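**Q** First to last, the sequence lines map onto chains A and B. For the first sequence, counting from 1, position 169 maps to 169 in our numbering; every step adds exactly one. For the second sequence, counting from 1, position 141 maps to 141 in our numbering; every step adds exactly one.
A portion of the hints provided could be inaccurate.
[Claimed, not checked] Restraint ranges, calculated between C-beta atoms of paired labels, are given here:
no. : chain 1 : residue 1 : chain 2 : residue 2 : range
1   : B       : G324      : A       : K173      : 25 to 35 Å
2   : B       : L45       : A       : R76       : 47 to 57 Å
3   : A       : W15       : B       : R384      : 22 to 32 Å
Calculated from the structure, these hints are not laboratory results. Only a predicted model underlies this, so the values are computations on that prediction, with no experimental measurement involved. Positions of the beta carbon are idealized from the N, C-alpha and C atoms, including for glycine.
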Amino acid sequence: MIPVKYNLRSLRARWVASLMTIIGTALVVWASVLAFGLAAGLEYTLNVSGEPLDMILLRKGATAETGSTVDEATARRVAALSGLATDEAGNTLVSPELVVIVNTARRGDGGKANVIIRGVTPVARKLRSEFKLVEGRDIKPGVREALTSRSIAARFQGAGLGEEIDLLGQKFKIVGLFEAGGGSAESEVWTDVEVLSQTSKREGGYSSVQLRTTGMESMTALADLLENDEQFALKAVSERKYFAEQSSAGIAIKIVGRVISVFLTIGAMFAVANTMYGAVASRAREIGTLRALGFARRTIVGCFLLESILLCLAGGLLGCLGTLPFNGLSTGTANWDTFSEITFSFRFGPDVLLQGALLAMLMGIVGGMAPAIRAVRIPIVNALREI
Amino acid sequence: MKFLPYVLRNVLRNKLRTLFTCMSIAVSLFLLALLYAYIEVQDELGAKSVNYHRIGVVHANGLTFTLPISHVDKVRTMPGVKAAIPLAWFGGVYKDDKLPFAQFATDPQFVMQVFDELTLPDAELRAWQGDRAGCVVGARLAEKKGWKIGDRIPIKGAIYPVDLNLTLIGVYDGPDSSDREMLWFHWTYMDELLKQSRNAAAGAAGTVWVKGESAEVLPEVMRRIDERFASSDAPTRSMTEQAFQQMFTEMVGNVQAFIRNTALAVVFSLVCVAANAMAMSLRERTREVAVLRAIGFSRQLVMSLVLSEAVAIAFLGGALGVIGAKILFGIESVTSTLLPIMPVFYIPWSTTIFLLGVSAVIGLVSGIVPAWRAARLSVVDGLRKVV
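Construct the complete structure from the given sequences, taking the supplied hints into account.
**A** Shown next, in the form of structure tokens:
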């Protein structure tokens, strides 16, 4: 076994070439990990949005709340069913909600995006267990007041605390900011359901009913009843499933990220091969000496491969570190399933960083393989004679 | 110019190294061609749509609100208007399609006048006008799904609570830059179904599309439309087709910034890669450069020879990647298999030329340090040096 120190010293001896290769691979890993982090962030937001025992009721055939209506009478009948969870005060956890999408101007670039305005009753907060008011106060019923998240407040004009946002021609004052554990509620503006239904002229109906069941069994039983009983005939899906299906935007980002990383990784492999061929060529005599000393071909191949991997891993590490300033940075894109903006943050979890490191390894192995084999194929006598 | 053979000889001296550098640049620029084409195609489509002088009229509150059908007739009689149609996004689901296609309810009498760059055989158009449950699809969509005239196309409503049972009557075609992945069906067919189910969505035209008599009248027509409906139940916002497309681009968020940042990282990475290769090959030729200087080549000439070599290598790689992408995505079937989510995609000439320029710049920048070092080389030291 040739000591790793030999590789490290060799890399240092050719430091300009090593540094260039490290920077080259670092940038490639950086760009790939950034794209992975974007996809992971969006996925996380949709995954944490659903609670395991919660269900969402929609009109049969609807795929999202935005294309759904549930009338008031049906919503009342749902609230009277058994198998529903209650809070400490004994209130049933059933929340009829009205969703309206409003085209709102972003801050800064002047572009517009659709924002979900959700009309809620007090119980809606209990159905998002991570819901927490972090600034200001809660809305009063019957008044044109609204709550929103920090990310929406930062992204949209008039959505900041104390500002007034224009919803369907009416001014709503933002009186508080909330957090919801990074879930999709953080992409919404909340107001009183009655006020919203008057403003949007959608009186007498809701978009969806959200509820919490007492357990898995009652969830299945309720879903069965709500879907098949004539007096309901609703679509009842678990929240987890509902959000998991809103994946079109996520899939697009994921595909783009994969395509970017595949191409760049292949490009980097060629570059690494170049560097390693250079290393092998300039060390022909060293290799001959190693062979003459009795090191097996296999050992020498392993040695050069290791050097190539070390080189790329250094680049990979640098690339991963370079993405950290972006961690938690909030951004947004269109969720085509709801036809509205979804805000989320870059997330560079261990899995994303590991993917970056694996890419770097792959560059090292594939790029280093041919040069390493080349190294041991030179006959010893020729290698020793080379200058 | 007389040094061109010398430069080319040097390019081909270490064939493997040149090949690897070229491939590294080629693969990366192939990717950049795809990313930039995405931005560019949208701009070009927007610019092209100006020639069709069309106006999209949407509800003042955004696309999720619909305009009543009565708006269409009122608009049709306005001066400067050639034709007007309702265009309602049905957003239904065909079988278990993961990638849904666009379905629109419209008016077969006028739709071909509004979208007059598209072609539909007269016989098919007349047959469609006479068949209430008939539909017409774009050539690319028909090919993708393997549909033939006479096929049944059932579509489940997701936004509207009705299911369609359509029969394929005709296939429209159009220029490369047109969307040939839409499905059109009778607006009246959808409306009858909605009326039968007593749905509140009955009587809604969705959006209204207007063909203006000329480009000059458009601003006046838009102003007139918005004024006419300002105090009605459904106030409107009229925009040119270009602005309408812009609205969707804005919703997706800042993709351009993401692409530009990725591209910047890639270009910088390639500069490192190419500079490294160039430095390696010059290190092997130190003595040769010293000879050139000794026989009277000026510093500037040596420098420009090295720079030309670097540019030649990078340009070769760039041309391979960019022109390869241009040719590959010029083939219709390739584009629709590899990029099924993009209804219109091609690599514009502007992107091709821009990226060829970028690859030359990569070569130039990567050559600066090696060229400078070659020019500065002390002749005596260089001649003495054994590599």
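**Q** Confirm or reject each hint.
**A** Quick rundown of the hints versus the structure:
no. : hint                         : result
1   : B:G324 to A:K173: 25 to 35 Å : 57 Å, violated
2   : B:L45 to A:R76: 47 to 57 Å   : 49 Å, holds
3   : A:W15 to B:R384: 22 to 32 Å  : 24 Å, holds
The earlier numbered hint that this structure contradicts is number 1, and it is the only one.
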